[in-house]
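J.: Chains W and Y supply the protein sequences, listed in that same order. For the first sequence, position 289 matches number 288 in numbering that gives the first Met the number 0, and the numbering has no gaps at all. For the second sequence, position 281 matches number 280 in numbering that gives the first Met the number 0, and the numbering has no gaps at all.
Relax, there's no trap hidden among the hints.
Computed list of lysine-lysine pairs in DSSO-like fashion (alpha-carbon distance at most 30 Å, straight line): (1) W:K82 with Y:K114; (2) Y:K182 with W:K120; (3) Y:K131 with Y:K153.
Derived CB-CB ranges, DEER-like: (4) Y:I117 with W:Y391: 27 to 37 Å; (5) Y:V310 with W:K376: 35 to 45 Å; (6) Y:V160 with W:Q113: 28 to 38 Å; (7) W:K222 with Y:D208: 28 to 38 Å.
With the C-beta cut set under 8 Å, the calculated list includes, among others, these residues of chain Y facing chain W: (8) Y183; (9) T184; (10) T185; (11) R188; (12) Y191; (13) A192; (14) G194; (15) N196; (16) S199; (17) R202; (18) I203; (19) G262; (20) R263.
If you are wondering where the hints come from, they were derived from the structure by calculation, not from laboratory data. No residue lacks a Cβ here, since even glycine has one placed at the ideal position from N, Cα and C.
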Amino acid sequence: MDNKCFLRIDNISKTYPGVKACDSISFEIMKGEIHALVGENGAGKSTLIKILAGVEKPDAGSGIIIDNITLPSFQNAIESVKKGIAVIFQDFSLFPNLTVAENISFSIEMEEGQKFINWRKINKRAKSSLKEVGITDIDVDIPLESLSIAKQQLVAIARALILNVKLIIMDEPTSSLTKGEVDNLFRIINELKARGITTLFISHKLDEVFKIADTITVLRDGKLIGTYIKNNLNEQKLISLMVGREIDFVKKSGSMTGDVLLDVRSITKKGNFKDISFKLHKNEILSITGLVGSGRTEVAKAIFGLNIPDSGEIYLKGKKVRISSPETAMKYGISYVPENRQQEGLIMGQSLRRNISISVLRQLRDKLGFLNFRKEKAITNEQIKALDIRAYSIDMLVKNLSGGNQQKVVVGKWIATKPEILIIDEPTNGIDIGAKAEIHKLLQGFANAGMGILMISSELPEVLAVSDKILVMRRGKITAEFNINEATQEKIMGKALSSA
Amino acid sequence: MKIRLPKETWLLIILAIVAVLIGIRSSIFFSAENLLDLIKGSTVIGICALGMTFVAMTGGIDISVSAVIAGVASIIGNYMFRSGNSFFNNVIIVFIISAISGAVFGAINGILIGKLKIPSIVATLGTLAIFKGVLFLITKGYWVNRADLPEWLKSLSLLTVFGIPIQIVIFFILIIICWLIMKYTTFGRIVYAIGGNSVSAIRIGINVDRVILYVYILMGILSGIAAFVHTTIMVGVDPNSFTGFEFKVIGAVFIGGVAITGGRGSVFGAVIGVLLLAVISNGMIIARIPIFWHQIVTGTVILLAISFDVVQRKRFESRLTKIDVAE
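Just chain W, same shape as in the assembly:
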């Protein structure tokens, strides 16, 4: 095994107005290794990746050392590609409207300075590149957007391979994949390793990091904490390095749950879910878990009036209701914190106060019907205090907040409506471990205060830490119901993967 260093990150710093995203970071990436980059949100990982991609320029004094040549930065994306670095961002940077073959061959056609397109050559190149990642059954002539997310990711990798990549950088590569697809991806990463290609990836999923990485670099608050060999760490140690303190997911004390708030009987919707029945009580956190694509979000949206079932009944506190729209759901005291906070939960270009107050605008009216800004400020500050949202001003734009704080804003917006039932979908997706624990504590606090919480989550540690009862869904149906004391990760996974 060749142990030489492929790339040295030398004293890289990057300052944005108001914040130092990267602070004198130095470490080495060895040839042929699988190197994980971990850290809380805001630790500087994404910024570092953008610098390596040539999309951002670091501050003066920074250096990237490849092949013993020191560069102050990459001039642009093309220079980074020429040095053998390919970055796959979370959105894959592909073109949904172009064909699969075009997406794969685009970069190399441009690099070769081709003015004209030879479709047969492009299709052939694409097919052989896909074979390298083990795909032989995709039609390369179809638009990219017809492929599933997992297949699109493989197309992105195929594109990197065709450019003779030496270092593939992936940002949160498994966030949209099912378990089978994750295994497939890891198999490919190992094959790349066997060919001498280095992989650097950012991930929040520590169990996956331990499964596949050789080396782990930890960043915190823009600074390097250290680079470690995987075998010298365990998950607990890693977490405390990332966070600087010991974190334990506090298990819910088996408290008494109250009366039935929500009684769902046999709801069915074609192409979404079938025969779903469950009860949600006061003071209870009920989790629905399962693989991505099992229909959990579809069920959650149905209860919020966004995905009305074809048949079945819903009872609220004993009365039969028909939830025909989010407005109706809100009238019944139901709130829904969506999975995709940036697209469905926040107005990114608006301020914190506007985002929080938007769900309760009617309450903020004064006698003449105008908006009372003092009331708006009060409600906003109330939520900021209750949820410990870290922002330097209530007028700051929500897009400048970290992921964890953004999520708290969405939660705050919905809590402001004082719901009796809170549906929350993937509450801590893409959020660092410290913020995760805070949000869990918040949810438990709400439940203790009387709310019934329906939580959708794919993260089993989270589900086991927070729930009173767990429902497992697979392919649109509920395959199991567990009480918290009888549930284990294995049992849940078992029911998520098969209906037996």
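Please build the complex by placing chain Y on the supplied structure of chain W, with the hints as guidance.
T.: Using the frame of chain W, we list chain Y on its own:
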């Protein structure tokens, strides 16, 4: 019965149905004279629609097209008038002047939109007003009469190739060139890519600003050629006759299947869109429908076409995220 045919084929079918319906109503519709006239009459809009397809593909729009055509037409009209019998007053030079003047107008748009990053709808609304204003300042509203124009222009206007008017031949050649650019050149694919995901385009090293500049220059060149063709049809220049032009061009392009956000569509679709509008217009004239209905009908057709497209996309997208429900 869901038949998966490309959008362009559906459009052709609709065009054929409409044409047949009109033809049944009136026998003169399918006469060679009427058909050639119809196509000849749509060449100017058609050539502009070719350019607009490139622009719309990047997710932009060019509302200034009517002012650009009026501008180029006035420039060449004046040139031909002033150079009288000089050797330099010939078809090649005037054609080149058309293309270059159009390119200059286009470059102004391209710099505002590509380099200064002004949203295209705002920038071209501005240049529409400015170009029109400057034009009026120069021409003072006077047009160039037939009598003041050279003989070669009058002969050119009647020229036919195997019975097909020269204007249609020029249109056809341009269609082929634009189609080749879109499908077989890197430039064309980059235009598609920018429309599909401009952030990804920047990330893989495409110089998006420069490409957008070129796209608007191309639009300008095509508008210039369209002005030239228009002048050969009218053998005269009335700078006021181009009002409301952009409406037809843009409408045709969107009927033809170019998405509002860009990245989807084709040159052929735009051409079919142009022909469809022309056929409907022609049909309304033949059917003696009062002229004030024409705009209403055209507007409705455009709205229907765009809504149909939007609804289809929504359905396509919702189908992409289906759950495979167990039985």
